[in-house]
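Taking the hints as your guide, dock the two standalone chains into a single complex.
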Amino acid sequence: MFENIKILFHQGKQYIPDLTTAKVPGIFRGRPIIHNDVQVDEQLLVDLCPTGAIQKNPLSIDLGKCVFCGECAFAAPEKIKFTTDFKISSNERERLIVREGDDRPIQLNPQLIRKEISRCFSGSLKLRQVSAGGDNSCELELNACGNVNFDMGRFGIEFVASPRHADGIVITGPISENMAEPLQICYDAIPEPKIIILAGTDAISGGIFADSPALNRNFLNKYKIDLFVPGNPIHPLTFIHGILELIGRIK
Amino acid sequence: MIKHISIKNNQSISLHDIPVLKYDDFLAHNTSLLKEEHHHCVNYFGFPQERKLRLICCIANDNEHTILVSSSLINLDSTLPSFTHHHLSFHIFEREIHENYGIRYSDHPWLKPIRFSHDRYDRNSKIENYPFYKIDSEELHEVGVGPIHAGIIEPGHFRFICNGEQIIHLEIQLGFQHRGIEKLFLEKKKLLQRTILAESIAGDTVVGHTTAFVNLWESLCGFKVGNDLMFSRTLALELERIAIHTGDLSAICNDIAYQLGSAVFGRLRTPVINFFQIWCGNRMAKGLVRAGKNNFPFSKELGNRLLHLFEQYEPDFKEMYAEFKTLPSVLARLEKTGIVTKEQAYSIGAVGMSARMSGIVRDIRMTHPHDLYPQLHHKPILKHHGDVYSRTQIRKEEILQSIDYIKTLLKNIPEEDKSSQKLKSPSANAFAISLTEGWRGEICHCAITDEKGEIAHYKIKDPSMHNWLALALSVRNNEISDFPLCNKSFNLSYCGHDL
Ligand code: SF4
Numbered sequence: 261m262f263e264n265i266k267i268l269f270h271q272g273k274q275y276i277p278d279l280t281t282a283k284v285p286g287i288f289r290g291r292p293i294i295h296n297d298v299q300v301d302e303q304l305l306v307d308l309c310p311t312g313a314i315q316k317n318p319l320s321i322d323l324g325k326c327v328f329c330g331e332c333a334f335a336a337p338e339k340i341k342f343t344t345d346f347k348i349s350s351n352e353r354e355r356l357i358v359r360e361g362d363d364r365p366i367q368l369n370p371q372l373i374r375k376e377i378s379r380c381f382s383g384s385l386k387l388r389q390v391s392a393g394g395d396n397s398c399e400l401e402l403n404a405c406g407n408v409n410f411d412m413g414r415f416g417i418e419f420v421a422s423p424r425h426a427d428g429i430v431i432t433g434p435i436s437e438n439m440a441e442p443l444q445i446c447y448d449a450i451p452e453p454k455i456i457i458l459a460g461t462d463a464i465s466g467g468i469f470a471d472s473p474a475l476n477r478n479f480l481n482k483y484k485i486d487l488f489v490p491g492n493p494i495h496p497l498t499f500i501h502g503i504l505e506l507i508g509r510i511k
Numbered sequence: 168m169i170k171h172i173s174i175k176n177n178q179s180i181s182l183h184d185i186p187v188l189k190y191d192d193f194l195a196h197n198t199s200l201l202k203e204e205h206h207h208c209v210n211y212f213g214f215p216q217e218r219k220l221r222l223i224c225c226i227a228n229d230n231e232h233t234i235l236v237s238s239s240l241i242n243l244d245s246t247l248p249s250f251t252h253h254h255l256s257f258h259i260f261e262r263e264i265h266e267n268y269g270i271r272y273s274d275h276p277w278l279k280p281i282r283f284s285h286d287r288y289d290r291n292s293k294i295e296n297y298p299f300y301k302i303d304s305e306e307l308h309e310v311g312v313g314p315i316h317a318g319i320i321e322p323g324h325f326r327f328i329c330n331g332e333q334i335i336h337l338e339i340q341l342g343f344q345h346r347g348i349e350k351l352f353l354e355k356k357k358l359l360q361r362t363i364l365a366e367s368i369a370g371d372t373v374v375g376h377t378t379a380f381v382n383l384w385e386s387l388c389g390f391k392v393g394n395d396l397m398f399s400r401t402l403a404l405e406l407e408r409i410a411i412h413t414g415d416l417s418a419i420c421n422d423i424a425y426q427l428g429s430a431v432f433g434r435l436r437t438p439v440i441n442f443f444q445i446w447c448g449n450r451m452a453k454g455l456v457r458a459g460k461n462n463f464p465f466s467k468e469l470g471n472r473l474l475h476l477f478e479q480y481e482p483d484f485k486e487m488y489a490e491f492k493t494l495p496s497v498l499a500r501l502e503k504t505g506i507v508t509k510e511q512a513y514s515i516g517a518v519g520m521s522a523r524m525s526g527i528v529r530d531i532r533m534t535h536p537h538d539l540y541p542q543l544h545h546k547p548i549l550k551h552h553g554d555v556y557s558r559t560q561i562r563k564e565e566i567l568q569s570i571d572y573i574k575t576l577l578k579n580i581p582e583e584d585k586s587s588q589k590l591k592s593p594s595a596n597a598f599a600i601s602l603t604e605g606w607r608g609e610i611c612h613c614a615i616t617d618e619k620g621e622i623a624h625y626k627i628k629d630p631s632m633h634n635w636l637a638l639a640l641s642v643r644n645n646e647i648s649d650f651p652l653c654n655k656s657f658n659l660s661y662c663g664h665d666l
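Protein chains in written order, with the working numbering: chain A, 261 to 511; chain B, 168 to 666.
No lab work stands behind these hints, which were simulated from the structure alone.
Hints are supplied without guarantee of correctness; some may be wrong.
What the hints assert, rightly or not - Here are a few chain A residues that sit away from chain B, every Cβ distance over 12 Å (derived from the structure):
hint : residue
1    : Phe-288
2    : Arg-289
3    : Pro-370
4    : Leu-372
5    : Val-408
6    : Lys-482
7    : Asn-492
What the hints assert, rightly or not - Here are the simulated DSS-like cross-link-like pairs (lysine-lysine), alpha carbons at most 27 Å apart as the crow flies:
hint : chain 1 : residue 1 : chain 2 : residue 2
8    : B       : Lys-219   : B       : Lys-170
9    : B       : Lys-219   : B       : Lys-356
10   : B       : Lys-391   : B       : Lys-202
11   : B       : Lys-356   : A       : Lys-316
12   : A       : Lys-266   : B       : Lys-485
13   : B       : Lys-293   : A       : Lys-482
14   : B       : Lys-485   : A       : Lys-273
15   : B       : Lys-563   : B       : Lys-550
16   : B       : Lys-189   : B       : Lys-170
17   : A       : Lys-266   : B       : Lys-563
18   : B       : Lys-492   : A       : Lys-273
19   : B       : Lys-589   : B       : Lys-357
20   : A       : Lys-316   : B       : Lys-357
21   : A       : Lys-341   : B       : Lys-175
22   : B       : Lys-202   : B       : Lys-175
23   : B       : Lys-460   : A       : Lys-341
24   : A       : Lys-341   : B       : Lys-467
25   : A       : Lys-266   : B       : Lys-202
26   : B       : Lys-574   : B       : Lys-550
27   : A       : Lys-283   : B       : Lys-467
28   : B       : Lys-585   : A       : Lys-341
29   : B       : Lys-563   : A       : Lys-273
30   : B       : Lys-563   : B       : Lys-503
31   : A       : Lys-341   : B       : Lys-485
Remember, predicted model here, so these are calculated numbers, not experimental data.
Glycine is no exception: its CB is placed at the ideal position from the N, C-alpha and C atoms.
Bound-form chain B, shown alone (with noise of 0.2 Å):
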């Protein structure tokens, strides 16, 4: 019996392709999956259909470049064994699925509310009286910071237990930041309204998940992507990951007092964002990417002001960092800190720089390229200690690295596509799964349309879904005084994960 249809990243199937398991056999296929260290889940989530609720579940084998996709019926009051039992990736999948549709599982460690969404299942849930995990004991105590924090930054509750300065347990609570974006997406009905949306998912992401969006869009659409728009698409993502990776090295070396650090990297951030509003006219890319068109195609005289761009950021950018390095003060600070082991990546799922940092090879990028990567043939950055150090390198050398993958994109700069071929609607009662890596990592986003070709279903992963919990565990045992630390050296996104 076939278990699952393998499609590629980017492919739209129908939905009757899917196979429909028991869900004892979706279970135990699935979790097996899991045992090869190449497979991962990638998005695993419910959709309503005919009063009862399809779970669909996507693994992606990073060998064969491909999504293994199996799905299950289930009665909408069901109380079923986990997945999260077998694997503890999945628990953040679970959890949604419970939260949303009421789902009861009978093993899994925690259901904890995810983000406490407005239509929740259960309405008497609510985050003013989220009970916190706790632990009795004379010696313990509890800090709670937030939702609201002390800089410019989105609001999530932290629950920390400590032992005098030292931090036993970390819990994370958030779901300030939802705004409903999923059923939006099936209630805006036009393209420029669900395109405007996309890029509102997480606004320092905005090449990322609107790149996600629109390369779904055309595949349930059937529109031939020209290779100006892969061009376009391409190095706007590297471009982003170069911007947010350097504000993000300015904001470390803020949290750690150094104000050299802090003051260059910052301002080395600025004419790479005004990079992206000479080229489509705003600093954060949005506008930039469209469905099945590009308002502002790139130019040759665009890439010499790139190229002349990194003349000067170079240099500069390297004295920085090449002095940062070698301070005692900083490398105290950085080393060692918040540790993240193998294993526990691993365990839950962690994707992107979170996943890098302790060696674990996952990259979008080169395990289902998408756009112009197959011909970047790219290579992952590893780290291997896990701690506020790992993250802190990986962000250097992925910004040199993705200058020299923009340097050779501008080699060959594509003619403008006038062909003008036109977008069509999506087609009726399809599948499409779109992953792309931002600068975080691993995005996903998911469409099921009905039979008239109007989106029944949307369903969005941002990194952060998987990377809250790596936080969680990199604070244990570390000093209550280093977790803004810890939290900036990981910069995860509030809103992508509320929605």
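So that you can see chain A by itself, here it is in the shape it has in the complex (with noise of 0.2 Å):
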């Protein structure tokens, strides 16, 4: 009991008091600002990027289909830098396109939320993962939101083992064939209403994988999504901000 406590006592405080305001550690890959001022070969960053993230006229990224890799900012530096503004989850796909000269914070569309969300899950929201052709980081970094450091379970928001206790499903991996039946039964066996959550770039657009013939994304078309967590893998803080603002947690 004595040896307990005292662990217990050594362990000092490790959860993170107020996750919005929170930093990252570290030179974070966040949110990416691409200055418009300096003048650069385009055509050479669109070669450069391994996803085709990269668009010219005017030069953008997209955050869904970005891995993070950080080139096209050792390649440019003037041009593209990385900030480590976590809040880069959004409702709408074509929010996560950061254009030359945005430098604003990614938000969701409050219009595109649907009313049964906030008045439904702002108190608690159940979650059930599926891991579709996930490399494992995307999974650790789910996990990690319920530690002790990050805490998401003080808002009420937790990860449980059956769909059909779930109120909505958070997606994985770029959805790999053999896991397209097992998703859609799964996604089938929790209640209405039910939220779908697209975590990492893979899922949100299959990544590296895209045009990989051993996919099957048919899911995807299907239903609205709820939220796009971008990220390789993504960052607890991104993942935990957007259901903050997705239930209405922030405004």
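This is the structure we're talking about:
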């Protein structure tokens, strides 16, 4: 008993008190800024990008395709800078595209949030996670969302074992052909109303796997996606912040 | 007659230098090599050549630090006697050759599909209609788990045959995670794309797999790797080991409902992966390892931060582990649970922790050292009971060992090599092999180039390929309620296996 108390004491305070104002340590690659007063060979950057996330005229980065390798920022450091702003989730696919000159936070489009979401889920949201070809990095970060540091449970947001107990599904991975059917079965088992969250670049666009013949992404054409969380992998703060916005806990 | 060519880890050779044997000789030679304990198969695969199939077998010689490579050219409609009949550890490779190319084996015990790859030979065999092994009996019942599991974890199907609470047999069917990664290595032509692919083979082993890839690539391109690159890779491999092992200890505590351990080990992992973010901007170290360059040179300042991190990590870790290992309720769950004997581990060709838990000396850091491992003189940590507790102890001791290695490395942080040597393109008609010891165990990548120096074949072997069978064997005669714990104690990769 005494030993346990000593151990507890030695841990100090580990939780992050305010997740919305928290700063990520180090050189995290979050929301990029593309300066419009710097001239570069745009085609070079388009060709460099491994996943076709960069478009020219005007130069833009699609965070739904970007694998955050940072190579474009190394090639044109004056032009492209990744900031540590982790708030990059949105419910509108279009909003994940950062254009030349943009330097404003990425937010959800309140008009597109279904009314029942804040009504039903703002105090308690239970999620079922399905990895469909995910490489286990997003999965590790989703687990981390519930650990003592990030403690997503304080908002009543939790992952549950059964789809029947869930209010929504969190998909990671580019959706492999072999997981297409289990994913559908799992989704069907969740009672209405239910939400769909795509966590990670692979889930949003297929990422580096986008044109692999081993995928089957038909599921995504059938339903409205409630939240896109970019990242490779997602950062726990990006995920939690996005959900809090979705359920109306942050305006 | 020369039966094989003997090469070193990360060496590339001309494809023509690999002896081509008649299949019977090929079989006799490689299976006889495996009669000696210091030999094991690190990779065995086929690739199409001149409307035939070229089989390439790579046997590691742990005493001589070499890899013995031989080959055979066979017809695509062949029915062959199997290697597996002589040594079980070949089972996974021959099943893969069968699944991909339709080669039949006359005496293979079970040509069970591996991953239902999109380009498999028999398109009628589907993951949905896979016939599981059955035993007819009034007393026995089946339990099916997955592909989707209770936690946040990758998919795979487990089918148990039980007698009451006791597991008689476990069959594991994987393939749900198949993304066609090996083919993408050929289709994606940019080096950066291939590097991103390597980082995504298993996102919990980013450093392990990417190091195997870049070492292989640099070897194909004749690039002389500088000290600074080797330093970063070695340090990152050990740091990845510390991070994942710590997380695994937390998960093991969680599975036995020991909350304090789960919380403390869980939070101890956080500063370690955050260090990766401080170093390279990503908690899983994506972006860190690059062929021919280093985007994030390691500085003195980073070194001091890391030492400071260990200063805080070590006492808390040791205190927690000391308490953990004295609790009867913990030991009762871990000891004598999920045993794999040394004989079993040998026969299935187990690697990494899954071999060392049963007293088998198998560790690439010692037997085929790369990067800065030669100067660390690594001695593998061995346990002998092959149970969950052995796998737990290995993790704890390896964490402390890795911290020591990193401290040794930090005494001598190399200057950044600014000579900016250019990475050339890969040589033509070449074969290269690269082995690294990831935290799970031995990772092997092989590449073959065509006459233009383009990749013609890319072969990845994650340690899990061998070790999934160890998990299946470990749970026999255990209570089914111990399965999650056993599974966690191996912590094998689904996507690394399914590719
Ligand atoms: S950081 Fe994103 S946009 Fe830039 S090159 Fe990498 S994937 Fe492309």
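Here is what the structure says about each hint:
Here Phe-288 (chain A) does not stay apart from chain B, with its beta-carbon only about 6 Å from theirs, under the 12 Å limit. At roughly 5 Å, the least C-beta separation between Arg-289 (chain A) and chain B is not larger than 12 Å, which violates its mark as non-interface. With a cut of 12 Å on Cβ distances, Pro-370 (chain A) stays outside the contact zone with chain B, its closest approach being about 29 Å. The claim that Leu-372 (chain A) is not at the interface with chain B holds, since no C-beta of that chain comes within 12 Å of its own (minimum 27 Å).
Not every beta carbon of chain B lies more than 12 Å from that of Val-408 (chain A), the smallest distance being close to 5 Å; the non-interface claim is violated. No beta-carbon of chain B is positioned within 12 Å of the beta-carbon of Lys-482 (chain A); the least distance is around 19 Å. For Asn-492 (chain A), the condition that its CB be more than 12 Å from all CB atoms of chain B is violated, with the nearest at approximately 6 Å. Restraint check: the Cα-Cα separation between Lys-219 (chain B) and Lys-170 (chain B) comes to about 20 Å, which is no more than 27 Å; the hinted pair holds.
For the hint pairing Lys-219 (chain B) with Lys-356 (chain B), the CA-to-CA distance comes to about 25 Å; that is within 27 Å, so the pair holds. With a C-alpha separation of about 36 Å, the suggested pair Lys-391 (chain B) and Lys-202 (chain B) falls outside the 27 Å cut-off, and the hint is violated. For a cut-off of 27 Å, the pair hint linking Lys-356 (chain B) to Lys-316 (chain A) stands: about 22 Å separates their Cα positions. As the CA atoms of Lys-266 (chain A) and Lys-485 (chain B) are separated by approximately 13 Å, the hinted pair is consistent with the 27 Å bound.
For the hint pairing Lys-293 (chain B) with Lys-482 (chain A), the CA-to-CA distance comes to about 24 Å; that is within 27 Å, so the pair holds. At most 27 Å may separate the alpha-carbon atoms for a hinted pair to count; Lys-485 (chain B) and Lys-273 (chain A) meet this at roughly 19 Å. Distance hint between Lys-563 (chain B) and Lys-550 (chain B) is fulfilled; the C-alpha atoms sit about 12 Å from each other, no more than 27 Å. Using a Cα cut-off of 27 Å, the hinted pair Lys-189 (chain B) and Lys-170 (chain B) holds, with the two alpha carbons roughly 10 Å apart.
About 21 Å separates the Cα atoms of Lys-266 (chain A) and Lys-563 (chain B), which keeps this hinted pair within 27 Å; it holds. At roughly 25 Å between alpha-carbon atoms, Lys-492 (chain B) and Lys-273 (chain A) fall within 27 Å of each other, so this suggested pair holds. At most 27 Å may separate the alpha-carbon atoms for a hinted pair to count; Lys-589 (chain B) and Lys-357 (chain B) meet this at roughly 16 Å. The hinted pair formed by Lys-316 (chain A) and Lys-357 (chain B) meets the criterion: a straight-line CA distance of about 20 Å does not exceed 27 Å.
A distance of roughly 42 Å separates the Cα atoms of Lys-341 (chain A) and Lys-175 (chain B); the hinted pair therefore is violated under the 27 Å criterion. Proposed proximity of Lys-202 (chain B) and Lys-175 (chain B) is supported: the alpha carbons are some 21 Å apart, at most 27 Å. For the suggested pair Lys-460 (chain B) and Lys-341 (chain A), the alpha carbons sit about 20 Å apart, so the restraint of at most 27 Å is met. For the suggested pair Lys-341 (chain A) and Lys-467 (chain B), the alpha carbons sit about 25 Å apart, so the restraint of at most 27 Å is met.
As the CA atoms of Lys-266 (chain A) and Lys-202 (chain B) are separated by approximately 53 Å, the hinted pair breaks the 27 Å bound. About 25 Å separates the Cα atoms of Lys-574 (chain B) and Lys-550 (chain B), which keeps this hinted pair within 27 Å; it holds. Among the hinted pairs, Lys-283 (chain A) with Lys-467 (chain B) is consistent with the structure: their alpha-carbon atoms are about 24 Å apart, no more than 27 Å. For the proposed pair Lys-585 (chain B) and Lys-341 (chain A), the alpha carbon gap of about 24 Å is at most 27 Å, so the pair holds.
Simply put, Lys-563 (chain B) and Lys-273 (chain A) have alpha-carbon atoms about 24 Å apart, close enough for the 27 Å limit, and the pair holds. Simply put, Lys-563 (chain B) and Lys-503 (chain B) have alpha-carbon atoms about 18 Å apart, close enough for the 27 Å limit, and the pair holds. The straight-line distance between the Cα atoms of Lys-341 (chain A) and Lys-485 (chain B) is roughly 41 Å, outside the 27 Å bound, and the hint therefore fails.
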